[in-house]
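Using the sequences plus the hints, can you model the full thing?
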Amino acid sequence: MRLEYFQMVDRVVALDSDSITVESHVPDHSPVFEGHFPGHPILPGVLMVETMAQTGGWLLLSLNGLDRMPFLSKVGEAKFRGFVGPGAALHVTSRLVHDGSGYAVTEARIEAAGKRVADAGITFRTLPFPDPALREAMLATARRIGLPGHG
Amino acid sequence: MTSPVFERIADIIAENSDVARDRIVPDAHVINDLGIDSLDFLDIVFAIDKAFDIKVPVEAWTQDVNAGKAPAEHYFVMGNLAQRIEELVAARQAKA
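Those sequence lines, one after another, are chains D and L.
Residue numbers 931 to 1081, in this note's numbering, belong to the letters of the first sequence in order.
Residue numbers 3 to 98, in this note's numbering, belong to the letters of the second sequence in order.
These are computed hints drawn from the structure, not numbers from a lab.
Straight line, CA to CA, 25 Å or less: simulated DSS-like cross-link-like pairs of lysine-lysine:
1) Lys57(L) / Lys71(L)
2) Lys57(L) / Lys1004(D)
3) Lys97(L) / Lys52(L)
4) Lys1004(D) / Lys52(L)
Shown next as structure tokens:
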């Protein structure tokens, strides 16, 4: 993870036709932890949501062959069940609930040390890439995280 | 007299938006009259997809409208929307 760059996914570890699991290592140090919170550094809930959204996004990108970009459109029933501190190893899973016309619905969860620490329902709009540079960046990231077919 | 499909869709819209159920009548335009925004419409389409086990082809409809192949009313006026959904359900049943 590079929190300041919103790089939340480190590596894809499993992928099939309707689910994905990725690994993410929370950095030991980040300016984020200086404010959230002094003396009690924890990963902000919004960044856990972003991590689940990016995980689901990679599932959709894989399923559509990096043809369309998923954009976050709805977060439902997000629950934060435990603190996540610096250095934590996260397993993040996203499952496709429904593949609609121009949108997709997913359910995601984050586990740390074998315990579920967050979950949410996440809905995306899927749109043609608005700019070729974005698609190129996503392709480069797909290679970095080892998305099957691109790693 | 409205169809059971119309009634189910009207219920779904009322459940997924701030629109009062009695305003959802056959000649109401989903966007212009009922004021459904794009995010609420997405929730509504998801609920319709699930309720009728179909995939409402919203993107194809939008492309048709933008290309001038069909007026927006053909898809987005409630009575017509219910008719489009009935056609999709019939097509699914024909495939089964």
